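Engineer: Sequence:
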Amino acid sequence: MTQAQEHALGDAWHPIADGEAPAWASVWGQDRFGVFAGFDVDGVECRMRWIRPGSYMLGSPADEPGRWEGEDQVEIELGGFWVAEFPCTQALYEVVVGENPSRFVHPQRPVERVSWIDAWHMIRALNERVPGLDARLPYEAEWEAACRAGTTTATYAGPIEILGENNAPVLDTIAWYGGNSGVGFELEDGGDSSAWLAKQFVHTKAGTRVVGLKRPNPWGLYDTLGNVWEWCTDRRGQQMAGPSLDEEFADGIPVDLEAAGGENRVLRGGSWFSVARYCRAACRGGFPPGYRGGYIGFRLSRGQD
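For the sequence shown, this note's numbering begins at 6 and goes up steadily by one.
Don't read these hints as lab results, they were simulated from the structure. Small disclaimer: the values here were computed from a predicted structure and weren't measured. Some hints here could point you the wrong way.
Simulated restraints, written as ranges between beta carbons of each label pair [as the list claims (entries may be wrong)]:
1. Arg108 x Pro293: 14 to 24 Å
2. Arg297 x Gly137: 28 to 38 Å
3. Val110 x Gly295: 17 to 27 Å
4. Val102 x Glu74: 15 to 25 Å
Each computed SDA-like pair below joins lysine to any residue, with the alpha-carbon atoms no more than 25 Å apart [what the hints assert, rightly or not]:
5. Lys210 x Glu170
6. Lys210 x Glu191
7. Lys210 x Val188
8. Lys210 x Gln113
9. Lys210 x Pro223
10. Lys210 x Gly196
11. Lys210 x Gly299
12. Lys210 x Gly85
13. Lys210 x Gly189
14. Lys210 x Gly169
15. Lys210 x Arg118
16. Lys210 x Leu192
17. Lys210 x Thr178
18. Lys210 x Asp197
19. Lys210 x His111
20. Lys210 x Asn105
21. Lys210 x Arg220
22. Lys210 x Tyr296
23. Lys210 x Pro174
24. Lys210 x Val110
25. Lys210 x Ile167
26. Lys210 x Ser199
27. Lys210 x Ala96
28. Lys210 x Asp177
Heads up, the beta-carbon is just placed ideally off N, CA and C, and yes, glycines get one too.
Model the full assembly from the supplied sequences, consistent with the hints where possible.
Structural biologist: And the structure:
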């Protein structure tokens, strides 16, 4: 039994009664991680975790191993928000969009090969299916605050020691990354990992993995590090400063996706394909909004009711 299955068996799930939970939710509850609420689309469930408002320290200290420029620490005040427990799965994407673009096909693996624009198209369609959901991509500051879950170290499991390009022992229990993403990989169509340098474990074929197999963070979120990079709303060139909307957004949704512009959008968290230094809470990446890759997905979020 996976950790996610054990976790689910221990949850207190409740049918919604008037006044007890958001109107968009079909189930709700509270467990050792906090408050959650779930919605359903034709039998495919998605559960979201409530992240409380507060002050969050983001970025990395100057002596963090693997650190890049542009990760300066900053304290940010955030309002409360909801964020999905897992990256968007292929099952949820397919039931909403009607197709599955992923290379590593499995309903409970994260959807990949989706661009920032693709993610927003799915979100628009999802919001039509679930009245009042008002889902969106997380802002970069929200993503990092949720990933850290109150911690200030390189990962929510503690500091990172990088012994080799693909070898950081702290990642093995919490993330699928270049050092372990091929261990027990069972699909025929895997990425050739035989030449990857200094791996934590020997493997020759790798790819994404079923969500929820690794240990969650203290707020009940899985796969925030590794598995797939996750799109955020923000432009890559913007300073991370919390939620802000400009003229290209209306009610939190981009007005014209096809005219979103070529400026890179933020990616966070690293992936199955990533070296160890990319799988730190502070690491910031980015690609143009139309880019698709077999290591890029997204996670649903929504603002406070």
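Engineer: Could you work out which of the previously given hints the structure breaks and list their numbers from low to high?
Structural biologist: 4, 9 and 12
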